[in-house]
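Trainee: Using our numbering, you'd call the opening residue of the sequence shown number -13 and step up by one each time.
Treat the hints as calculated values from the structure; they're not laboratory data. Treat the numbers as computed from the prediction; the structure is a model and nothing was measured. Keep in mind that the hints are not guaranteed to be accurate.
For lysine to any residue, the following SDA-like pairs were computed, each having C-alpha atoms within a straight-line distance of at most 25 Å [said to hold, decoys possible]: (1) K137 to I83; (2) K139 to L128; (3) K171 to V149; (4) K171 to V51; (5) K137 to L123; (6) K139 to D127; (7) K139 to F87; (8) K139 to I83; (9) K139 to L78; (10) K171 to I152; (11) K137 to I121; (12) K137 to N125; (13) K137 to D127; (14) K139 to L177; (15) K137 to Y82; (16) K139 to T40; (17) K137 to V124; (18) K139 to D110; (19) K171 to V181; (20) K139 to I152; (21) K137 to R86; (22) K171 to T40; (23) K139 to V67; (24) K139 to L165; (25) K137 to I85.
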Amino acid sequence: MNKWKTQWIIAIVLLVFGIATFLYQWIDLRPGEIRDYIVQFGWLAPLVYILLFTVRPLILFPTSVLSVAGGLAFGTLPGVVYTVIGATLSALVAYYIAIRFGDRFLHHFETSSYEKVQHKIEEDGFFYVLILRLIPLVNFDLVSYASGLAKVKLPGYVFATMVGMIPGAFANNFLGSSLASGDVKLIILALVVFVVLTLVATVFREPIKRQINRYKKK
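Work out the full structure: start from the sequences and follow the hints.
Mentor: Structure, rendered in structure tokens:
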């Protein structure tokens, strides 16, 4: 890597760090405050929400926080639609960052968990992207970066991301919508839905893989 490229990378990293620090201090990553910021744009609020989701990998926004904010701002079903669109665009941003900079940049952030995820994705890209997207506790960007480095085919990656995001997006937006309503029963139900979806995706990942493999062989 020549000196010019190195200087640009350092400048970008410092800029991103500065923006992230400002955002952490400004909104403190509370879904309610994010909601208040988004809805002030009126009819443009969905576009602003999707844009925030799209640039989220660059400014270190947690996916779950924005998803809950979507439920607070738009309600469950519209929030799910906007979240899936924004999260898919966000996943593409991280995917192309991994492809563009590759090991030269991302090896600084490698961990044992990252290496394990990348190895699994290399074995069967579509299936593992789908399963890992279905499990809400798995870091969203970790899967995106590993997919880019593993050169998962783009159509399968996008489809797996969109489908795999739906249950988690529903759970988070349902939770946000429930919090907005203030109904304790709905809040408890939303938490139960989140836990159940996590358990189902974890327990049934092997049966799902077998079904996908059977379909491939037909």
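Trainee: Are the hints correct? Go through all of them and say.
Mentor: Cross-check of the supplied hints:
no.: 1; hint: K137 to I83; result: 12 Å, holds
no.: 2; hint: K139 to L128; result: 17 Å, holds
no.: 3; hint: K171 to V149; result: 28 Å, violated
no.: 4; hint: K171 to V51; result: 21 Å, holds
no.: 5; hint: K137 to L123; result: 23 Å, holds
no.: 6; hint: K139 to D127; result: 17 Å, holds
no.: 7; hint: K139 to F87; result: 17 Å, holds
no.: 8; hint: K139 to I83; result: 15 Å, holds
no.: 9; hint: K139 to L78; result: 12 Å, holds
no.: 10; hint: K171 to I152; result: 23 Å, holds
no.: 11; hint: K137 to I121; result: 21 Å, holds
no.: 12; hint: K137 to N125; result: 19 Å, holds
no.: 13; hint: K137 to D127; result: 15 Å, holds
no.: 14; hint: K139 to L177; result: 34 Å, violated
no.: 15; hint: K137 to Y82; result: 10 Å, holds
no.: 16; hint: K139 to T40; result: 20 Å, holds
no.: 17; hint: K137 to V124; result: 20 Å, holds
no.: 18; hint: K139 to D110; result: 11 Å, holds
no.: 19; hint: K171 to V181; result: 16 Å, holds
no.: 20; hint: K139 to I152; result: 21 Å, holds
no.: 21; hint: K137 to R86; result: 11 Å, holds
no.: 22; hint: K171 to T40; result: 33 Å, violated
no.: 23; hint: K139 to V67; result: 24 Å, holds
no.: 24; hint: K139 to L165; result: 38 Å, violated
no.: 25; hint: K137 to I85; result: 8 Å, holds
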